[in-house]
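A.B. asks: Chain by chain, the residues run as shown.
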Amino acid sequence: MRFARGLLASGLALGVLLSACGSGGGPEQQDGEPVSTGTVRSEREGREASIMQQQESAAEAGQSEQAEPVDVDAPGVIDFGHREGLPFTRNVVGDPEAPVLIVEYSDFQ
Amino acid sequence: MEELISTGIARYEYRHFIIFGAASQFAAMATECAGDQGAWWEFHDAYLLKAQARSFTRAGALELARDEGLNVGRFTQCIDNEEHRDRLLQMQQQAIADGIQGTPTFRINGQPGARSLGGIIEQVLAAAEAAENQEGS
Numbered sequence: 004m005r006f007a008r009g010l011l012a013s014g015l016a017l018g019v020l021l022s023a024c025g026s027g028g029g030p031e032q033q034d035g036e037p038v039s040t041g042t043v044r045s046e047r048e049g050r051e052a053s054i055m056q057q058q059e060s061a062a063e064a065g066q067s068e069q070a071e072p073v074d075v076d077a078p079g080v081i082d083f084g085h086r087e088g089l090p091f092t093r094n095v096v097g098d099p100e101a102p103v104l105i106v107e108y109s110d111f112q
Numbered sequence: 002m003e004e005l006i007s008t009g010i011a012r013y014e015y016r017h018f019i020i021f022g023a024a025s026q027f028a029a030m031a032t033e034c035a036g037d038q039g040a041w042w043e044f045h046d047a048y049l050l051k052a053q054a055r056s057f058t059r060a061g062a063l064e065l066a067r068d069e070g071l072n073v074g075r076f077t078q079c080i081d082n083e084e085h086r087d088r089l090l091q092m093q094q095q096a097i098a099d100g101i102q103g104t105p106t107f108r109i110n111g112q113p114g115a116r117s118l119g120g121i122i123e124q125v126l127a128a129a130e131a132a133e134n135q136e137g138s
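Protein sequence lines correspond, in order, to chains A and B.
According to my numbering, the stretch in the first sequence is residues 4 to 112, in order.
According to my numbering, the stretch in the second sequence is residues 2 to 138, in order.
Quick caveat, the hints were computed from the structure, so don't treat them as lab data.
A portion of the hints provided could be inaccurate.
To be verified - If the Cβ cut is set under 7 angstroms, some of the chain B residues that face chain A in the computed set are:
no. : residue
1   : Ala11
2   : Arg12
3   : Arg16
4   : Ile19
5   : Ser25
6   : Phe27
7   : Gly39
8   : Trp41
9   : Tyr48
10  : Ile97
11  : Pro105
12  : Phe107
13  : Arg108
14  : Leu118
15  : Ala127
16  : Ala132
Said to hold, decoys possible - FRET-style restraints, in silico, Cβ to Cβ:
no. : chain 1 : residue 1 : chain 2 : residue 2 : range
17  : B       : Gly70     : A       : Gly88     : 15 to 25 angstroms
18  : A       : Asp76     : B       : Gly70     : 16 to 26 angstroms
19  : B       : Glu83     : A       : Ala77     : 18 to 28 angstroms
20  : B       : Arg67     : A       : Asp82     : 11 to 21 angstroms
21  : B       : Ala98     : A       : Phe83     : 30 to 40 angstroms
22  : B       : Glu64     : A       : Gln112    : 12 to 22 angstroms
23  : B       : Gln135    : A       : Phe83     : 29 to 39 angstroms
24  : B       : Pro105    : A       : Pro78     : 17 to 27 angstroms
25  : A       : Asp76     : B       : Glu83     : 18 to 28 angstroms
26  : B       : Gln91     : A       : Gln112    : 15 to 25 angstroms
27  : A       : His85     : B       : Pro105    : 17 to 27 angstroms
28  : A       : Pro78     : B       : Leu126    : 18 to 28 angstroms
29  : A       : Pro99     : B       : Glu4      : 15 to 25 angstroms
We treat Cβ as the ideally placed atom computed from N, Cα and C, and that holds for glycine.
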């Protein structure tokens, strides 16, 4: 009986030990190499922090690009070359009230 | 012709009509993407007037975008995703429907334009006069 209690106590102790070191969220041991729990955790946390930083940076970059106003047909004034000072809207240049519209169909090559 | 535009007699619209294949298609796309950032005419001139052959490549277009101070990331995204594909396709189909067969082809207030610059100028002046007479009557 005492022997049986001893076995039971040993089994419980082993069970507690296994649950603490094994499947309780600790690192898995690969290829039989010893694993330092603290090192792996800090490396993983470092990687996670790095990924989060990258994701935050990407999100910020995306937000800044999205925040940039894109009005594809916004009117403007040409500020270079021989058309300087002329109003334009994308591919149309000249006074919007001009009575004549010249359309050119062309290929850049 | 520039004088007709600068004096307010006429306005000028450029429409892509792709006849020389992929490089032309790419240049048109790059120009439209530049247009999203207000640099349509800078790219137009680079391609058409300065005939910068390098610009017909992706690397060349990106270099041009950098030179013009564009948001290169946004520009790259636009050309890589072919964001103006539908616009260009629609422009091409409309041109074909309008009877355009080659380049350059002009339309003056919707009417077929002359083949020579002098002829076009005469047509523009006549159209302006007709518009003025119509307003006066």
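A.B. asks: Could you run down the list of hints and mark each one as holding or not?
C.D. replies: To see whether the hints hold, each was checked on the structure:
| no. | hint | in the structure |
| --- | --- | --- |
| 1 | Ala11 | 4 angstroms, holds |
| 2 | Arg12 | 3 angstroms, holds |
| 3 | Arg16 | 5 angstroms, holds |
| 4 | Ile19 | 6 angstroms, holds |
| 5 | Ser25 | 5 angstroms, holds |
| 6 | Phe27 | 9 angstroms, violated |
| 7 | Gly39 | 6 angstroms, holds |
| 8 | Trp41 | 5 angstroms, holds |
| 9 | Tyr48 | 4 angstroms, holds |
| 10 | Ile97 | 10 angstroms, violated |
| 11 | Pro105 | 5 angstroms, holds |
| 12 | Phe107 | 6 angstroms, holds |
| 13 | Arg108 | 4 angstroms, holds |
| 14 | Leu118 | 11 angstroms, violated |
| 15 | Ala127 | 9 angstroms, violated |
| 16 | Ala132 | 4 angstroms, holds |
| 17 | B/Gly70 <-> A/Gly88: 15 to 25 angstroms | 20 angstroms, holds |
| 18 | A/Asp76 <-> B/Gly70: 16 to 26 angstroms | 21 angstroms, holds |
| 19 | B/Glu83 <-> A/Ala77: 18 to 28 angstroms | 22 angstroms, holds |
| 20 | B/Arg67 <-> A/Asp82: 11 to 21 angstroms | 18 angstroms, holds |
| 21 | B/Ala98 <-> A/Phe83: 30 to 40 angstroms | 34 angstroms, holds |
| 22 | B/Glu64 <-> A/Gln112: 12 to 22 angstroms | 19 angstroms, holds |
| 23 | B/Gln135 <-> A/Phe83: 29 to 39 angstroms | 36 angstroms, holds |
| 24 | B/Pro105 <-> A/Pro78: 17 to 27 angstroms | 25 angstroms, holds |
| 25 | A/Asp76 <-> B/Glu83: 18 to 28 angstroms | 19 angstroms, holds |
| 26 | B/Gln91 <-> A/Gln112: 15 to 25 angstroms | 21 angstroms, holds |
| 27 | A/His85 <-> B/Pro105: 17 to 27 angstroms | 18 angstroms, holds |
| 28 | A/Pro78 <-> B/Leu126: 18 to 28 angstroms | 26 angstroms, holds |
| 29 | A/Pro99 <-> B/Glu4: 15 to 25 angstroms | 18 angstroms, holds |
Comparing the model with each numbered hint stated earlier shows that hints 6, 10, 14, 15 do not hold.
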